[in-house]
Amino acid sequence: MLIKTFKSKIHRVKVTEANLNYVGSITIDQDLMDAAQLYEGEQVQIVNNNNGERLETYVIPGKRGSGVICLNGAAARKVEVGDIVIIISYGFMTPEEAKTFKPLAIFPDEHNQL
Numbered sequence: 009m010l011i012k013t014f015k016s017k018i019h020r021v022k023v024t025e026a027n028l029n030y031v032g033s034i035t036i037d038q039d040l041m042d043a044a045q046l047y048e049g050e051q052v053q054i055v056n057n058n059n060g061e062r063l064e065t066y067v068i069p070g071k072r073g074s075g076v077i078c079l080n081g082a083a084a085r086k087v088e089v090g091d092i093v094i095i096i097s098y099g100f101m102t103p104e105e106a107k108t109f110k111p112l113a114i115f116p117d118e119h120n121q122l
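Each residue of the sequence shown is one higher than the last, beginning at 9 in the working numbering.
Simulated from the structure, these hints should not be mistaken for lab results.
Just so you know, not all the hints are guaranteed correct.
[What the hints assert, rightly or not] Simulated restraints, written as ranges between beta carbons of each label pair:
| id | residue 1 | residue 2 | range |
| --- | --- | --- | --- |
| 1 | Ala106 | Glu25 | 27 to 37 angstroms |
| 2 | Glu104 | Val31 | 19 to 29 angstroms |
| 3 | Thr13 | Gly49 | 17 to 27 angstroms |
We treat Cβ as the ideally placed atom computed from N, Cα and C, and that holds for glycine.
Just need the whole structure built from these sequences, with the hints factored in.
What follows is the structure, given as structure tokens:
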């Protein structure tokens, strides 16, 4: 049996853009993706601290060092620029693996920089 377990998160980043006319996804600064071990196309959960919304989408890389956090497509309706969000990824593992697995959390500054 495999269980879905918290893998990594980017804790409290500021939404810099919301693009309703894009196909979908969340654009994340590549530096933040690397630090949180997120991969292009990976499914993530977005938790909006400002309004309580939760949604799932997939990751696309943004320009390194830009601090970009952009909700695209329908997800853009769930945020406003300036909202604080948490981006969470999960992984599947056996219960035995889960007992020793240590999830990764990164805590960027107020400008979405490491």
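Now for the hints, and whether the structure bears them out:
no., hint, verdict
1, Ala106 <-> Glu25: 27 to 37 angstroms, "35 angstroms, holds"
2, Glu104 <-> Val31: 19 to 29 angstroms, "39 angstroms, violated"
3, Thr13 <-> Gly49: 17 to 27 angstroms, "20 angstroms, holds"
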